[in-house]
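Asks: Just need the whole structure built from these sequences, with the hints factored in.
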Amino acid sequence: MPCLSRRGFLACAAALAPGLLACSGDSVSNAAPPEGVEILPGFVQIRMDLVPSLTKVGGSLVVPEAHVIVIRAAESDYRAFSNICTHAGCGIYEFTHPRIRCQCHGSEFDLVGMNIAGPALLPLPRLNAVLSEAGVLSVALP
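Per this note's numbering, the sequence shown starts with residue 2, numbered consecutively.
What the hints contain is simulated information worked out from the structure, not anything from laboratory work.
Quick caveat, the model's predicted, so the values are computed rather than measured.
We put the CB at the ideal spot given by N, CA and C, even for glycine.
Mixed in with the good hints there might be a few duds.
[What the hints assert, rightly or not] Cβ pair distances, simulated, as ranges:
1) L41 / A118: 32 to 38 Å
2) E76 / L51: 27 to 33 Å
3) P124 / H98: 17 to 23 Å
4) P143 / Y94: 16 to 22 Å
5) G90 / E134: 35 to 41 Å
6) H106 / G43: 16 to 22 Å
Replies: Shown next, in the form of structure tokens:
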């Protein structure tokens with residue numbers, strides 16, 4: 002069996018890395034949405050009775066498959082935003098009332114999506130969210 006030099010090994014590894022990364026895909030995109038969440042063409046429907054994280058003010062729900070974060074800003078005020086950080090395109094999965102935070106580089110956004118800290122220069126895109134009398138929150142996708 003031929004011995005591969007360190008230089009040869011590194012050259013092969015560097016040549017193969019882009020191909021392996023391209024094949025890996027986004028592990029989140031293949032996951033099923035959380036219980037009570039249905040992703041439809043053009044919008045996401047959330048059955049509030051099945052999503053305990055939104056029962057209290059300050060609660061949040063991330064739907065990574067649709068690139069959406071929903072927060073309960075007040076008793077009857079639900080807000081939805083794109084969960085893609087405007088700085089480097091990382092997915093945002095953290096909300097601690099009253100801030101939405103990107104874990105990648107520390108950008109923070111307020112309850113209206115305005116950037117208030119970190120390197121992001123643009124606000125998060127806000128999405129239209131409407132709660133029906135039946136307790137279903139519909140979020141329009143961009």
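Asks: State for each hint whether it applies.
Replies: Here is what the structure says about each hint:
A beta carbon spacing of about 34 Å between L41 and A118 agrees with the range 32 to 38 Å that was offered as a hint. Range check, E76 to L51: about 19 Å between beta-carbon atoms, so the 27 to 33 Å window is missed. The given range of 17 to 23 Å is respected by P124 and H98, whose C-beta atoms sit roughly 18 Å from each other. Look at P143 against Y94: about 19 Å separates their beta carbons, and that is inside 16 to 22 Å.
Range check, G90 to E134: Cβ separation about 37 Å, and the 35 to 41 Å hint holds. Restraint check, H106 to G43: a C-beta distance of roughly 31 Å breaks the suggested window 16 to 22 Å.
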